[in-house]
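If you want the building blocks of each chain, they are given just below.
Protein chains: 2
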Amino acid sequence: MSTKKEDNMKCLNLDNINPNFIVMEYAVRGPLVIRAGEIEKELEKGVKKPFDQVIRANIGDCHAMGQKPLTFLRQLLALTLEPRLLNSPDYPDDVKERACALLSSCQGGSMGAYTDSAGLEYVRRQVADFIKERDCGIESDYLNIYLTGGASPGIKSILSLLHCHVDNKTPGVMVPIPQYPLYSATIAEYGMCKIDYYLDEDNKWGLNCKELQRAFDEAKGDCQPRALVIINPGNPTGQVLSRQNIEEIIKFAYDNQVLLLADEVYQANVYDKDSEFHSFKKVMYEMGEPYRSQELVSFLSVSKGYLGECGIRGGYMEVINMCPKVKAMLTKSITASLCSTTAGQVAVSALVNPPRPGEPSYELYNKEKTAVLSALKERAELVHKTFCSFEGYSVNPVQGAMYVFPRIDLPPKAVEAAKAKKMAPDALYAFELLESTGICVVPGSGFGQLPGTYHFRSTILPQTDKLKLMLEKFRQFHSDFMKKYK
Amino acid sequence: MSTKKEDNMKCLNLDNINPNFIVMEYAVRGPLVIRAGEIEKELEKGVKKPFDQVIRANIGDCHAMGQKPLTFLRQLLALTLEPRLLNSPDYPDDVKERACALLSSCQGGSMGAYTDSAGLEYVRRQVADFIKERDCGIESDYLNIYLTGGASPGIKSILSLLHCHVDNKTPGVMVPIPQYPLYSATIAEYGMCKIDYYLDEDNKWGLNCKELQRAFDEAKGDCQPRALVIINPGNPTGQVLSRQNIEEIIKFAYDNQVLLLADEVYQANVYDKDSEFHSFKKVMYEMGEPYRSQELVSFLSVSKGYLGECGIRGGYMEVINMCPKVKAMLTKSITASLCSTTAGQVAVSALVNPPRPGEPSYELYNKEKTAVLSALKERAELVHKTFCSFEGYSVNPVQGAMYVFPRIDLPPKAVEAAKAKKMAPDALYAFELLESTGICVVPGSGFGQLPGTYHFRSTILPQTDKLKLMLEKFRQFHSDFMKKYK
Ligand SMILES: Cc1ncc(COP(=O)(O)O)c(C=O)c1O
Ligand SMILES: Cc1ncc(COP(=O)(O)O)c(C=O)c1O
Chain A
51 MSTKKEDNMK CLNLDNINPN FIVMEYAVRG PLVIRAGEIE KELEKGVKKP FDQVIRANIG
111 DCHAMGQKPL TFLRQLLALT LEPRLLNSPD YPDDVKERAC ALLSSCQGGS MGAYTDSAGL
171 EYVRRQVADF IKERDCGIES DYLNIYLTGG ASPGIKSILS LLHCHVDNKT PGVMVPIPQY
231 PLYSATIAEY GMCKIDYYLD EDNKWGLNCK ELQRAFDEAK GDCQPRALVI INPGNPTGQV
291 LSRQNIEEII KFAYDNQVLL LADEVYQANV YDKDSEFHSF KKVMYEMGEP YRSQELVSFL
351 SVSKGYLGEC GIRGGYMEVI NMCPKVKAML TKSITASLCS TTAGQVAVSA LVNPPRPGEP
411 SYELYNKEKT AVLSALKERA ELVHKTFCSF EGYSVNPVQG AMYVFPRIDL PPKAVEAAKA
471 KKMAPDALYA FELLESTGIC VVPGSGFGQL PGTYHFRSTI LPQTDKLKLM LEKFRQFHSD
531 FMKKYK
Chain B
51 MSTKKEDNMK CLNLDNINPN FIVMEYAVRG PLVIRAGEIE KELEKGVKKP FDQVIRANIG
111 DCHAMGQKPL TFLRQLLALT LEPRLLNSPD YPDDVKERAC ALLSSCQGGS MGAYTDSAGL
171 EYVRRQVADF IKERDCGIES DYLNIYLTGG ASPGIKSILS LLHCHVDNKT PGVMVPIPQY
231 PLYSATIAEY GMCKIDYYLD EDNKWGLNCK ELQRAFDEAK GDCQPRALVI INPGNPTGQV
291 LSRQNIEEII KFAYDNQVLL LADEVYQANV YDKDSEFHSF KKVMYEMGEP YRSQELVSFL
351 SVSKGYLGEC GIRGGYMEVI NMCPKVKAML TKSITASLCS TTAGQVAVSA LVNPPRPGEP
411 SYELYNKEKT AVLSALKERA ELVHKTFCSF EGYSVNPVQG AMYVFPRIDL PPKAVEAAKA
471 KKMAPDALYA FELLESTGIC VVPGSGFGQL PGTYHFRSTI LPQTDKLKLM LEKFRQFHSD
531 FMKKYK
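Top to bottom, those sequences are chains A and B.
So for the first sequence, our numbering puts the first residue at 51; every next one is plus one.
So for the second sequence, our numbering puts the first residue at 51; every next one is plus one.
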């Protein structure tokens, strides 16, 4: 009888598991981030380094970088999860009223009960009201709203819905390059085709519809394009699309019969004075028929904006103009996972139904919200200005979102050194940055970039003092790097 | 130019979406439950019915049925989500200490930060300690623990991992009949084969290994069996497997090279004095090699047991003996969804690290926990005893979990009437029950049953008074039904 099973005798090995798991990648938490975690543990153990802490500029995680939660939201969570606090004089009446209404919308009056799979009807109605207000009165039907555990699970379920081989062709999804790697990872996980369209770096990362058409036409032979993903404001690029650009995109989607996926999780994060957020839904409705019948799914999350509540996992999607029978299938597919977290649903409620002027919580809420947004704006400008001054950097302004994505003109010697190490040149740059300064960014190759160009993504999230320090270290590193590979 | 798009002109229609979404079904929230929701709305609007409320005995949702949350858990949630409360004298020190430790394990000290994809290391270590204690000292490695948003996402990610066509054969998963429909739904969603093995109703829903082998051998021609799902204690059957039975199952899995999936979410729910919960892991380790090298994944959830915190979405899986390279792929596939909810992770922490004797919270905690468990035990017996006395019912004892699954000898006329309506006979029974009493149960056909037998599943969760009322109404309905179809 054999003793311990060897790996090749196991039920599961690399040859017989889901092959899509093997190809998929997720750069925001890739090898660089794993190394950053190791370095943190080394520092804890007292290993000497040229720095005393890792600065995680790799992930859009506001609270991890010191942003404070909004009082209103956390009070609402405390009251709904621990209703005994409803008797405490320490909580304002408007928050208590909201908590009571939420609790009475739960089965058994408890956040511990499963909700409908699409979320609490009460919160879905609040979301619909919020969208209507945002879009200057354009109706929103709560039956089109699905509450999700962050935006991610919603995005994944829509991509999964598209998974159908029509005329024996693999379904394809058009994604911007550079893109947020949830899309590439999920498309790989589901074995679908990723159709790259390039954002125009020379045009502040704008979107050129000719490029959309080129990507579509070239892909059509190999796969069946089914959907078009737009990230606005952009991650990692920080651009905010103009209204005219959005109209062109909607026309493109309509003419080519692809579902529009509008990832609008950064809609509250616009800093540039000449930019404004336009929702795809509003633009579509204002264009009138036939465009206003275009199928569209839009995503929002409590992880971004001014809340930055990433860990709570709250979000929603609005599904517009979908054939009712298809929507029924979508709903059915969600039921097997029961429901998204009630804490996330409460956070969504806080996002879409904030204190109004005149309510006791309003003043503090407004002060905290404004402080977060103006700090982000200040940092967006600081980061842009500083990187612009680095030799060999070209940097588009951070119009919105939480990231900067500079292009670096890497010296040929650095490119060669990377090749010798079988690394992408921007990964070499990012690894050297991490090892010598503790700053963790994500190489451009994780998001996609024009072949032969090199970028990295840094968040603008470190608190201003820390950010200044980080940028100084960065400047020193960059100048040393350029000398080293001259 | 066309006006509004017709459904058949949409990008998405029933012919070009994921065909697996169309076939999948999830009975626990199927047509009967949808009808129950409609009836509730009708009652609200004042429509007259022979009853004044719907009793939702269809879903294992403790809080929805009036069970109160444990104080300790809710206090821990309040303190971690609203750390200002750490200054309040109203919270016991042991809960405060736990909250502080949890907060300092989060990035930025906030529950609003993303955690590692597998969850907070601090909580994963607590889970490993809990398992070690449960299994009388058998080691558990925190690196094998993945925190999940309820057990469901963990189960889904393991099933997805198995999705590989080996020698052009579709992967197959062995599931008990009757089964918890998350399995059938997910297997359908992923386009895999469900291999049914029948639990032995005449033997208190025990598991006969000859039946496992029969199912395996018959399926082998059509598909590649990759995994064996065991639900212990059972849903919907309420059985608790004996230790000997578990040993046989482990041998079977080892001999036939299939991954073992032990759904042990009801491990704290054992009521029968002659039954005891044995974890698959412990039995496997005690059997020694080669069995202790068998690959096993075990699931637990805060939704069940004595917490019943379904809405929070907390759970974990322990992945044992998996090839490290495969585990790396599993980990990678989880990263794209970022992390499970921190509220759920706190709830898991509360589950695995409860107050100890001597700590200030212990007494209340223990009182509340004992009250929940003894009420469940009382109801398990009450339900069993009552249904046993119904004409044409045969009912196995509720040894564990939260359900009873009686077999009903339906009169031939009822079977004919159902056929005429193109309904499953047990669905006819359940629909008539709902319309005339407001009691919502799930027909056996939603879980699977031997052809020609008819069952339903009811939870034992209504509070005792309500349960007694429900059983009386049920008795009246049943006797009327039998008369009607005599
Ligand atoms: C563009 C974009 N979409 C979606 C997400 C998903 O975030 P979450 O699942 O936390 O809502 C992110 C997170 O960084 C993002 O940047
Ligand atoms: C056997 C079994 N497994 C898993 C689950 C999943 O529950 P959750 O995702 O809430 O942990 C359930 C829920 O009823 C169940 O009965």
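The hints are simulated quantities; they were obtained by calculation from the structure and are not laboratory data.
Among the hints, a few may not be true.
Pairs involving identical chains hold if they fit within one copy or between any two copies, as the list cannot separate such chains.
[To be verified] With a straight-line Cα cutoff of 27 Å, these simulated DSSO-like cross-link-like pairs (lysine-lysine) come out: (1) Lys98 <-> Lys323; (2) Lys375 <-> Lys206; (3) Lys98 <-> Lys419; (4) Lys260 <-> Lys146; (5) Lys332 <-> Lys375; (6) Lys332 <-> Lys469; (7) Lys206 <-> Lys244; (8) Lys435 <-> Lys118; (9) Lys471 <-> Lys427; (10) Lys60 <-> Lys301; (11) Lys60 <-> Lys427; (12) Lys206 <-> Lys60; (13) Lys382 <-> Lys206; (14) Lys377 <-> Lys206; (15) Lys146 <-> Lys118; (16) Lys469 <-> Lys417; (17) Lys375 <-> Lys435; (18) Lys91 <-> Lys375; (19) Lys533 <-> Lys323; (20) Lys523 <-> Lys471; (21) Lys244 <-> Lys377; (22) Lys146 <-> Lys534; (23) Lys472 <-> Lys435; (24) Lys146 <-> Lys270; (25) Lys435 <-> Lys332; (26) Lys260 <-> Lys60; (27) Lys377 <-> Lys516.
#### Entry: Hint numbers contradicted by this structure
1, 3, 4, 6, 9, 11, 16, 17, 19, 22, 23, 24, 25 and 27
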